[in-house]
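There are 4 protein chains.
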Amino acid sequence: MKSSNISEVLNDALEHGRKYISEGNIATYIPELSKVDKNFLGVSIVTTDGKEYHAGDWQQEFTMQSISKTISLIFALEHIGADVIFTKVGMEPSGDPFNSIVKLETKSAMPSNPLINAGAIAVAGLIADRYEFEEFLRFVRLVCGRDTIVVDENVYNSENGAGKLNRSIAYLLQSNGVLEADVEKALSFYFKMCSLNINTFDLANYAAILANGGKDVRSGIQLINKPVLQIVKSLMVTCGLYDGSGEFAIRVGMPAKSGVGGGILALAQNNMGICVFGPALDVHGNSTGGYQILEYLSKELDLHYFS
Amino acid sequence: MKSSNISEVLNDALEHGRKYISEGNIATYIPELSKVDKNFLGVSIVTTDGKEYHAGDWQQEFTMQSISKTISLIFALEHIGADVIFTKVGMEPSGDPFNSIVKLETKSAMPSNPLINAGAIAVAGLIADRYEFEEFLRFVRLVCGRDTIVVDENVYNSENGAGKLNRSIAYLLQSNGVLEADVEKALSFYFKMCSLNINTFDLANYAAILANGGKDVRSGIQLINKPVLQIVKSLMVTCGLYDGSGEFAIRVGMPAKSGVGGGILALAQNNMGICVFGPALDVHGNSTGGYQILEYLSKELDLHYFS
Amino acid sequence: MKSSNISEVLNDALEHGRKYISEGNIATYIPELSKVDKNFLGVSIVTTDGKEYHAGDWQQEFTMQSISKTISLIFALEHIGADVIFTKVGMEPSGDPFNSIVKLETKSAMPSNPLINAGAIAVAGLIADRYEFEEFLRFVRLVCGRDTIVVDENVYNSENGAGKLNRSIAYLLQSNGVLEADVEKALSFYFKMCSLNINTFDLANYAAILANGGKDVRSGIQLINKPVLQIVKSLMVTCGLYDGSGEFAIRVGMPAKSGVGGGILALAQNNMGICVFGPALDVHGNSTGGYQILEYLSKELDLHYFS
Amino acid sequence: MKSSNISEVLNDALEHGRKYISEGNIATYIPELSKVDKNFLGVSIVTTDGKEYHAGDWQQEFTMQSISKTISLIFALEHIGADVIFTKVGMEPSGDPFNSIVKLETKSAMPSNPLINAGAIAVAGLIADRYEFEEFLRFVRLVCGRDTIVVDENVYNSENGAGKLNRSIAYLLQSNGVLEADVEKALSFYFKMCSLNINTFDLANYAAILANGGKDVRSGIQLINKPVLQIVKSLMVTCGLYDGSGEFAIRVGMPAKSGVGGGILALAQNNMGICVFGPALDVHGNSTGGYQILEYLSKELDLHYFS
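Residue numbers (the numbering used here), protein chains in the order written: chain A, 5 to 311; chain B, 5 to 311; chain C, 5 to 311; chain D, 5 to 311.
Please keep in mind that the hints were generated in silico from the structure rather than gathered at the bench. Hints should not be assumed to be uniformly reliable.
Same chains, same names: a pair is fine if it fits in one copy or spans any two.
[Stated by the list, open to error] Cross-link-like lysine-lysine pairs, in silico, DSSO-like; alpha carbons within 30 Å at most:
1) 23 x 230
2) 219 x 39
3) 111 x 219
4) 23 x 303
5) 230 x 219
6) 168 x 189
7) 230 x 168
8) 39 x 23
9) 42 x 23
None of these values were measured; they are calculated from a predicted model.
Okay, chain A solo, but in the shape it has when bound:
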């Protein structure tokens, strides 16, 4: 595929996506998030051979939110091990919204998977009991390729103050014997990772590593091990867009992870990493414009894993 073609398609995708902004709404359950301009829309691509493409508000910073769940999962798999992690969380899509608490009482003490809130809090607890947040932050900076990534303290404080439902989930996990860490310690780690400020270029860099078998696309250094990647990318397919994952798999066909900050990270195996940003969200919590950009790119650049 020629570079000129990717650039052109990317600009068209952005214009296509812009038409869907009006269908979405800014997340309001975290006060600080509700202040964002709904009309931002940006996208970055980093290919596995090291080229990069951008369009729109790709330099605009936003908070990672649930996209960070993939990095904490990788960190936990690398440092603590799948054998420990999967005694605390399952591997199955839940069929329920991202913040649902119901299955923890009716089905299993364990969260369905590490990409819903309950599962990510359980993983955060495992990490927080063994590592400082700064160690995790170093890993985030490494895979995103930028040393200046920091927590947005306003968002962090806002999440921490507003996080009643996540506190409820954390205490239920503790009651179920899943969360062994102190609730506030686990939640502090969780809210911090959700509040990391990044842009689409940062996450496209990270996504390119996922697409590239764990190797940095420029240096070729192996940053993430292959068996870990296999787990994380498979979970991104089945659970990455919450209760919209199945439809996304059909329409877009890339491992992906969304966040209520408006970002969606996606990747085409052995080809490229992508990140879109558009804070107007659909009912599942996924960026409306970003979703459309990814679907457009998937079709035009033939990125669907079953195309």
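Fit chains B, C and D to the given chain A structure using the hints.
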């Protein structure tokens, strides 16, 4: 990959799988199925370049059961259209067992997806209202490459007699306005397609077409359209092994569909179709030995879509 | 209490209730029921010393619907026995709507209690396997004190035709091993008992027997045994108005049973039987005007069991 | 009824109840409760004409646990008002265990009723925002007729430390907008009221007031208003023994409230208050021996409200 290698790996996979037969149990809820010998184990591979490999009881016939849901879905997508189908069923994994009825009351009148019982009955109703079963049977024979495939009347009668829960689901769908067909007509179609007698070679032929972009691997004739395949294979990833789909995606990483007759169909994109048969089932209704064979093949032949 | 007083209060109660007709709606899920005039409102009282009082449309016939569940339960307890009945249904309020199916999968194979649809169908199955409907009908006529009570064939046919959800429940009960009778046989019995045509006087006669320790208020003949009554009246308190039972217990405080035909039967222990009729229903399926009449009577005549 | 008769029946009831101790188990989820001797069994009766009867370990102190929910509800109804209370909790039995969280997500933001944990925490929050615990304690002492009732600090600390699930419920209520008070403030109040040390005589005194229309049985002073009593006693019937309330209503037929400390309070309208104590519990959390004593008394003394 050399043919000699595939043959060897296939035999090793069979022996590996055999160790897991004792962990499973024959399905007992359909009386006729409970008579099957638990120790059968067979596997067939058909590559997209037309080679075939077999091991174990690959000539032993068994009933297709839920694997037929992928063929009826393809038939419906080709002849009735995705726009109609997806007003009656969703695209999301349910997080619940294959025969669950709960979400039809609590979440949505529509079944979560076409690969759980409720969804497949809805699709069967759409077809049964428009086509004779014989037309569908011709399509099954076509994609499996064998003209002599027929309904096992003993199993059909057994399923029809024992199918209280499926009747309950069908009437609930009718009450919800999802099933417009007559309940008995829809169920008759559904039980017949589940009762089709096939062997692993038949289904490996069909799986090879799925892997080969819809073209017959020998004649090159396009039997299934690409957009239809994209839908069906994506659903096989997220929903193909019921509430074991997420773990299968991680451990095996192939679009697949299991049936309580003991079969599991899987495929490696642009590479090969596979079918295993082993009637001893795990708690989710998936063949224990078959699952292990697929995991072994995935690792040894590097078939995981994210390997 | 003086008779003149009851008459006066009854008329005031009727006028009070009339104000709430506009808040309710006719049941539409059974086509034949939807034809009824929403503005009917009537009430009858029969005291345990044999006096009777009427107001409004007390002579207007309507179908018994769920009120019949109390008579079938009494019939089953008398003829089959509590030991058998309560291996098929529970004794607990369900907290869910009258036609809910969810707990049959998630909580227990047995319906929560005999006064929700699932429980009443289970009881109907037990009776239908042992008795002709005519024997049950004779008992209904006996306790209502009128030999000419018959099934409304139009309503019966309408219910039978529209009864998808009840069929779904019945097949689920059969699948769960709760319903041993043939589904159509059980449902035919169930729909017939729901379609019995009565007026408020008929049911006030029956309610007076419940209030009078099982004895006919005029002849003094024991028609229902005391231990049976204790079960049925207790269930009427905890489950008689579906998921509105708790509030009714607080506000009105009488054992009662409502039906979507618009009737509510209630009783004040050792004092009187009451029946109201008003086909405009609230969201729980209870007559809006009838509910208000009962609350008015409870307050003015001091009928609350904890007054 | 002659006094000699009550004494005799009471002793027989105790011996009858003793046979059921072995069927129950001590509550273990609060560490301090698990230390209690399983074999305690005691009962007290206070009649509305001021007589008192005792048997067994009636002087043994235990913690009130959920029985306190009736007193906090009365306190809230008297001081804050039903109009406020019932915007925060419902009036319906939940059909679920006492500590269930599910309906708060699936059915309503509001707890089903004030006698399950979620509802009682909501009520505790309303009180804690307006009153000191000492004011509530004074009311407890008044209705129990003993000035020396205090919080068992060991149990309080144990509950507070072990109360993960109640914290989860409280944060979910806060997230739902039901709990406006600070979570720790509400829970501190809640755990304190549950940890009040009393004996069966104390609670029989209180139950006698409930039976006596709110008047102290000795002084005749009105301590609780009648409309409040009507609410509380009706709720005790439909929700007093959690998901065992329906069966208790049938078998025993008295407004009652159980606690996992082993107490059950019950009353026969205009007749007597009763309290039993036996820390061996059934699966619903109700004293096995105590339940049997109450059923025995109900039959022998004709206390069932529908006898």
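Hint by hint, here is what the structure shows:
1. 23 x 230: Answer is between: at 28 Å across copies they meet the 30 Å cutoff, but 38 Å inside does not.
2. 219 x 39: neither (37 Å within a copy, 52 Å between copies)
3. 111 x 219: Close neither inside one copy (38 Å) nor across copies (42 Å); limit 30 Å.
4. 23 x 303: This pair counts as within: shortest intra-copy Cα distance 17 Å, inter-copy 44 Å.
5. 230 x 219: within (9 Å within a copy, 32 Å between copies)
6. 168 x 189: both (15 Å within a copy, 15 Å between copies)
7. 230 x 168: neither (37 Å within a copy, 38 Å between copies)
8. 39 x 23: within (21 Å within a copy, 48 Å between copies)
9. 42 x 23: Within one copy, since 13 Å is at most 30 Å while 48 Å is not.
Going through the hint list in order, the structure does not satisfy hints 2, 3 and 7.
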